[in-house]
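Asks: As a plain string of letters, each chain reads:
Protein chains: 2
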Amino acid sequence: MKQTTASICTIGDEILIGQIVDTNSSAISQALGAIGVRTTRMVSIADKRSDIISSLRKELKTNDIVVCTGGLGPTKDDITKDALAKLSASTGYVRHKGQESVIHRILSARGLDVLDINLRQADVPDSCEVIINKLGTAPVMVFRFDDSKFGHPAVLYSLPGVPYEALGALGDVVDDIKNHFILNSIYHKTIMTYGIAESALSELIAPWEDALPADMHLAYLPNPLTGVRLRLSVYGGDAEDIQRRAEAQIKALEPLLGSYLYSLSDDTLEGTIGRLLRGTGQTMSCAESCTGGEIAHLITTVPGSSEYFLGSVTSYSPEVKKSVLGVDGNTIENYGIVSSAVAEAMAEGVRKLTGSTYSVATTGWADAYGDEHEPAGTVWVGVSGPRGTVSKRFNYKGDRKRNIERFAASALNFLRLYIAQ
Amino acid sequence: MKQTTASICTIGDEILIGQIVDTNSSAISQALGAIGVRTTRMVSIADKRSDIISSLRKELKTNDIVVCTGGLGPTKDDITKDALAKLSASTGYVRHKGQESVIHRILSARGLDVLDINLRQADVPDSCEVIINKLGTAPVMVFRFDDSKFGHPAVLYSLPGVPYEALGALGDVVDDIKNHFILNSIYHKTIMTYGIAESALSELIAPWEDALPADMHLAYLPNPLTGVRLRLSVYGGDAEDIQRRAEAQIKALEPLLGSYLYSLSDDTLEGTIGRLLRGTGQTMSCAESCTGGEIAHLITTVPGSSEYFLGSVTSYSPEVKKSVLGVDGNTIENYGIVSSAVAEAMAEGVRKLTGSTYSVATTGWADAYGDEHEPAGTVWVGVSGPRGTVSKRFNYKGDRKRNIERFAASALNFLRLYIAQ
Numbered sequence: 001m002k003q004t005t006a007s008i009c010t011i012g013d014e015i016l017i018g019q020i021v022d023t024n025s026s027a028i029s030q031a032l033g034a035i036g037v038r039t040t041r042m043v044s045i046a047d048k049r050s051d052i053i054s055s056l057r058k059e060l061k062t063n064d065i066v067v068c069t070g071g072l073g074p075t076k077d078d079i080t081k082d083a084l085a086k087l088s089a090s091t092g093y094v095r096h097k098g099q100e101s102v103i104h105r106i107l108s109a110r111g112l113d114v115l116d117i118n119l120r121q122a123d124v125p126d127s128c129e130v131i132i133n134k135l136g137t138a139p140v141m142v143f144r145f146d147d148s149k150f151g152h153p154a155v156l157y158s159l160p161g162v163p164y165e166a167l168g169a170l171g172d173v174v175d176d177i178k179n180h181f182i183l184n185s186i187y188h189k190t191i192m193t194y195g196i197a198e199s200a201l202s203e204l205i206a207p208w209e210d211a212l213p214a215d216m217h218l219a220y221l222p223n224p225l226t227g228v229r230l231r232l233s234v235y236g237g238d239a240e241d242i243q244r245r246a247e248a249q250i251k252a253l254e255p256l257l258g259s260y261l262y263s264l265s266d267d268t269l270e271g272t273i274g275r276l277l278r279g280t281g282q283t284m285s286c287a288e289s290c291t292g293g294e295i296a297h298l299i300t301t302v303p304g305s306s307e308y309f310l311g312s313v314t315s316y317s318p319e320v321k322k323s324v325l326g327v328d329g330n331t332i333e334n335y336g337i338v339s340s341a342v343a344e345a346m347a348e349g350v351r352k353l354t355g356s357t358y359s360v361a362t363t364g365w366a367d368a369y370g371d372e373h374e375p376a377g378t379v380w381v382g383v384s385g386p387r388g389t390v391s392k393r394f395n396y397k398g399d400r401k402r403n404i405e406r407f408a409a410s411a412l413n414f415l416r417l418y419i420a421q
Numbered sequence: 001m002k003q004t005t006a007s008i009c010t011i012g013d014e015i016l017i018g019q020i021v022d023t024n025s026s027a028i029s030q031a032l033g034a035i036g037v038r039t040t041r042m043v044s045i046a047d048k049r050s051d052i053i054s055s056l057r058k059e060l061k062t063n064d065i066v067v068c069t070g071g072l073g074p075t076k077d078d079i080t081k082d083a084l085a086k087l088s089a090s091t092g093y094v095r096h097k098g099q100e101s102v103i104h105r106i107l108s109a110r111g112l113d114v115l116d117i118n119l120r121q122a123d124v125p126d127s128c129e130v131i132i133n134k135l136g137t138a139p140v141m142v143f144r145f146d147d148s149k150f151g152h153p154a155v156l157y158s159l160p161g162v163p164y165e166a167l168g169a170l171g172d173v174v175d176d177i178k179n180h181f182i183l184n185s186i187y188h189k190t191i192m193t194y195g196i197a198e199s200a201l202s203e204l205i206a207p208w209e210d211a212l213p214a215d216m217h218l219a220y221l222p223n224p225l226t227g228v229r230l231r232l233s234v235y236g237g238d239a240e241d242i243q244r245r246a247e248a249q250i251k252a253l254e255p256l257l258g259s260y261l262y263s264l265s266d267d268t269l270e271g272t273i274g275r276l277l278r279g280t281g282q283t284m285s286c287a288e289s290c291t292g293g294e295i296a297h298l299i300t301t302v303p304g305s306s307e308y309f310l311g312s313v314t315s316y317s318p319e320v321k322k323s324v325l326g327v328d329g330n331t332i333e334n335y336g337i338v339s340s341a342v343a344e345a346m347a348e349g350v351r352k353l354t355g356s357t358y359s360v361a362t363t364g365w366a367d368a369y370g371d372e373h374e375p376a377g378t379v380w381v382g383v384s385g386p387r388g389t390v391s392k393r394f395n396y397k398g399d400r401k402r403n404i405e406r407f408a409a410s411a412l413n414f415l416r417l418y419i420a421q
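Chains as they are written, first to last, in my numbering: chain A, 1 to 421; chain B, 1 to 421.
Possibly wrong hints are sitting among the right ones.
All copies of an identical chain are treated as equivalent in the list; a pair is satisfied when it fits inside any one copy or across any two copies.
[As the list claims (entries may be wrong)] Taking lysine-lysine pairs in the PhoX-like style, the calculated list, with each CA pair at most 20 Å apart, reads:
no., residue 1, residue 2
1, K48, K58
2, K48, K251
3, K149, K352
4, K61, K86
5, K61, K352
6, K149, K86
7, K322, K352
8, K134, K401
9, K189, K251
10, K2, K61
11, K48, K86
12, K134, K397
13, K97, K149
14, K352, K397
15, K392, K58
16, K86, K352
Since the hints were made in silico from the structure, they are not lab data.
All of these numbers come straight from a predicted model, not from anything done at the bench.
With the hints as constraints, model all of the structure from the sequences given.
Replies: In structure tokens, the structure reads:
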């Protein structure tokens with residue numbers, strides 16, 4: 001069975017000039033992928049009638065579905081709506097009563113007068129169906145084309161550009177697609193690794209990857225902060241069957257990955273630490289020098305982290321290392337501020353200060369500095385816990401911001417390995 | 001003079017299936033806009049040879065410049081490179097010695113073996129020029145076409161997909177464009193504000209904005225974390241003349257903005273605090289509860305922050321607030337953990353602990369919780385310094401992550417206003 005395909009188009013100068021990053025397309029593609037529709041292209045078009053018509057026509061020729069967002073709004077909807085009317089050979093506009101009510105409701109709730117310019121947003125080409133946008137004033141328009149126009153049946157969905165409204169309408173759009181297309185099943189599974197480079201990972205799992213059946217595809221998505229994410233995709237066939245077969249393949253992959261593997265869902269290192277600690281009564285704390293609060297920040301972005309995260313000290317100056325964390329001045333003097341001994345003393349200090357089960361500490365040179373002991377880009381990570389205190393050195397060659405992020409990721413992973421031991 | 005135009009293409013399934021959001025295109029468009037090149041389209045293409053060739057050919061036909069990112073990497077570069085070789089009628093591959101050295105340097109620094117799969121990244125079609133990618137292993141390839149191929153001279157730049165590497169190479173790409181095209185002059189000036197909404201700001205400066213000459217354009221770029229950024233753009237004319245005229249307009253705008261204005265360059269709130277403190281001998285510290293280290297993290301991303309940032313305590317548990325920061329248990333009991341009194345006590349506590357000139361503290365409810373004193377989304381910010389201790393309440397309606405970021409921005413701005421007084 002041929003796979004149903006889609007193209008996602010954003011309309012609007014604000015994306016083209018780089019003023020805003022397009023996040024709608026990614027969310028729409030995920031929603032389509034989940035029901036077995038493959039996105040073949042994403043396109044951003046200027047607010048220009050001729051560009052909109054020619055681009056949408058081209059996308060409809062080569063895809064079953066086109067989802068476009070943007071180009072609608074009280075001050076600029078005319079261009080896009082006009083282009084859609086022209087493309088669909090509409091004979092005029094009609095006012096949609098359901099959307100008109102929503103406009104009244106929304107503006108009254110904000111204490112605003114309902115102007116004629118607002119009500120005109122409920123006017124749509126008579127060639128379309130409407131899905132009411134409950135969260136905003138511009139309706140979702142659905143244009144259906146039989147195979148006489150593009151050589152195959154095609155549907156165009158026009159959604160508002162505001163992400164909150166576009167994503168709010170997405171459920172109705174997905175339902176409409178499911179009602180009008182016979183879809184292939186699809187299965188994706190994400191495998192998160194940390195501590196191994198893409199090329200080495202590829203070598204490590206080559207025998208397994210080479211033996212994958214033809215309908216399974218593996219993608220490598222490297223990210224210096226979360227590690228290499230692997231994604232196994234299976235298209236077509238019976239839904240339960242492909243899921244069962246994919247899961248069997250992942251079972252076989254797990255032992256090859258060993259402790260590089262940290263999650264079989266789309267989780268982060270800090271989320272994984274949360275998973276290890278939550279419900280166990282165990283707690284953690286951190287002492288940060290060069291990472292300056294980034295580790296504590298990442299830990300506390302996880303909902304429910306207050307259950308196991310007690311607190312953290314960012315000791316940027318040597319005085320705070322001594323006075324708050326109790327690091328011995330001689331240790332700093334003898335081994336250098338960036339050293340195994342100081343990282344371990346910081347970890348032990350904050351663990352004692354907060355009474356946590358585990359602690360993690362960092363001391364390093366994030367940028368151009370460095371000293372006679374260690375060069376720039378070096379971090380020493382200390383971890384302390386019931387099995388004693390350990391430390392490890394990492395070195396990176398980024399700029400200040402990048403190094404801080406990598407130091408934090410390395411520290412989180414070192415802590416994860418200690419806890420999971 | 002006809003304006004030079006560009007199309008920006010991203011290559012890779014990870015964007016098409018919605019696994020990652022494309023941030024490169026936006027950054028590239030901004031950089032092109034800054035030198036007077038207008039982006040007419042953005043396109044995302046699958047990792048498929050035929051799609052890559054047909055899409056790039058189409059974009060080159062209608063634009064002077066095509067910048068593509070992605071589709072390069074040790075495990076998958078063959079498809080994109082092969083497509084580019086075909087498109088540019090290359091007769092074979094050559095190994096680029098400069099990029100080869102970078103590969104050796106980067107992998108050795110990470111303690112990794114240099115595999116053949118790594119070195120092959122330095123192989124490029126003989127039809128291209130190379131801009132060395134100093135931050136990663138895949139080189140930037142430049143393909144120049146005379147007007148015989150697409151009816152006009154055209155250039156295709158192929159950049160790696162990793163944002164850090166793509167943006168790192170962007171400066172060299174921009175220089176290459178400036179050397180090969182005669183561009184219209186253009187002048188942009190950024191004005192950073194915080195603490196005023198876009199619509200209110202628009203009303204405040206309406207008389208000034210309405211009186212702007214026809215060749216000047218003002219854009220509003222609202223961002224909940226850095227405030228509303230204004231960008232004044234002037235296109236065409238003599239470069240020195242447009243700069244002088246734009247600067248005169250900004251001089252007139254400054255008094256209207258008052259203390260909302262925090263920077264006339266593309267600076268952040270934390271960068272502005274650094275500017276206020278550096279070289280004065282004054283220092284700062286923070287005590288964070290709900291922001292969990294985010295403020296310290298932002299402060300320490302500023303190069304040179306170790307000169308004025310002494311340290312920080314993240315006191316996530318009430319015990320750490322008491323034992324480390326010396327907040328009185330009765331204060332917490334009587335006023336609630338999220339209160340003016342606790343915020344001020346935390347600020348005073350960390351200022352005493354570190355001996356800093358200034359301190360800033362946060363206590364709030366970042367997500368679904370809240371108590372009988374304050375609802376979810378509330379933060380109390382305390383600031384302490386030579387002129388005493390003050391506090392202020394802010395309330396937001398975001399999710400956990402968003403609220404944490406807004407709390408941190410509000411706290412930084414409150415500190416900025418105190419220091420600048």
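Asks: Work down the list of hints and note, for each, if the structure agrees.
Replies: Now the hints, each set against the structure:
With identical chains, the CA atoms of K48 and K58 are at most 20 Å apart both within one copy (16 Å) and between copies (19 Å). Within a single copy, K48 and K251 get their C-alpha atoms no closer than 51 Å, and across copies no closer than 29 Å, so neither meets the 20 Å cut-off. Taking CA atoms no more than 20 Å apart as the test, K149 paired with K352 passes in neither setting, with 71 Å inside one copy and 71 Å between copies. Taking the shortest alpha-carbon separations for K61 and K86, only the intra-copy value of 16 Å comes in at or below 20 Å, while the best inter-copy value is 25 Å.
In this assembly of identical chains, the alpha carbons of K61 and K352 never lie at most 20 Å apart, being 66 Å within a copy and 67 Å across copies at closest. For the identical chains of this complex, K149 and K86 are intra-copy neighbours only, at 13 Å inside a copy versus 33 Å across copies, given an alpha-carbon limit of 20 Å. For the identical chains of this complex, K322 and K352 are neighbours both inside a copy (14 Å) and across copies (15 Å), given an alpha-carbon limit of 20 Å. Taking identical chains as interchangeable, the C-alpha atoms of K134 and K401 lie at most 20 Å apart only when they sit on different chains, with a minimum of 17 Å there against 34 Å within one chain.
In this assembly of identical chains, the alpha carbons of K189 and K251 lie at most 20 Å apart only when taken from the same copy (12 Å versus 56 Å across copies). In the homo-oligomer, the alpha carbons of K2 and K61 lie at most 20 Å apart inside one protomer (16 Å), although the nearest pairing across protomers, at 31 Å, exceeds that limit. Proximity of K48 to K86 under the C-alpha cut-off of 20 Å is restricted to the intra-copy arrangement: shortest distance 13 Å within a copy versus 33 Å between copies. With identical chains, the CA atoms of K134 and K397 are at most 20 Å apart between copies only, with a shortest distance of 10 Å across copies and 42 Å within one.
For the identical chains of this complex, K97 and K149 are neighbours neither inside a copy (29 Å) nor across copies (53 Å), given an alpha-carbon limit of 20 Å. Neither within a single protomer nor between protomers do K352 and K397 lie at most 20 Å apart by alpha-carbon distance, with minima of 33 Å and 37 Å respectively. With identical chains, the CA atoms of K392 and K58 are never at most 20 Å apart, being 55 Å at best within one copy and 51 Å at best between copies. In this assembly of identical chains, K86 and K352 lie within 20 Å of each other by CA distance neither inside one copy nor across copies; the values are 68 Å within and 64 Å between.
The structure fails hints 2, 3, 5, 13, 14, 15, 16 (numbered hints given earlier, in ascending order).
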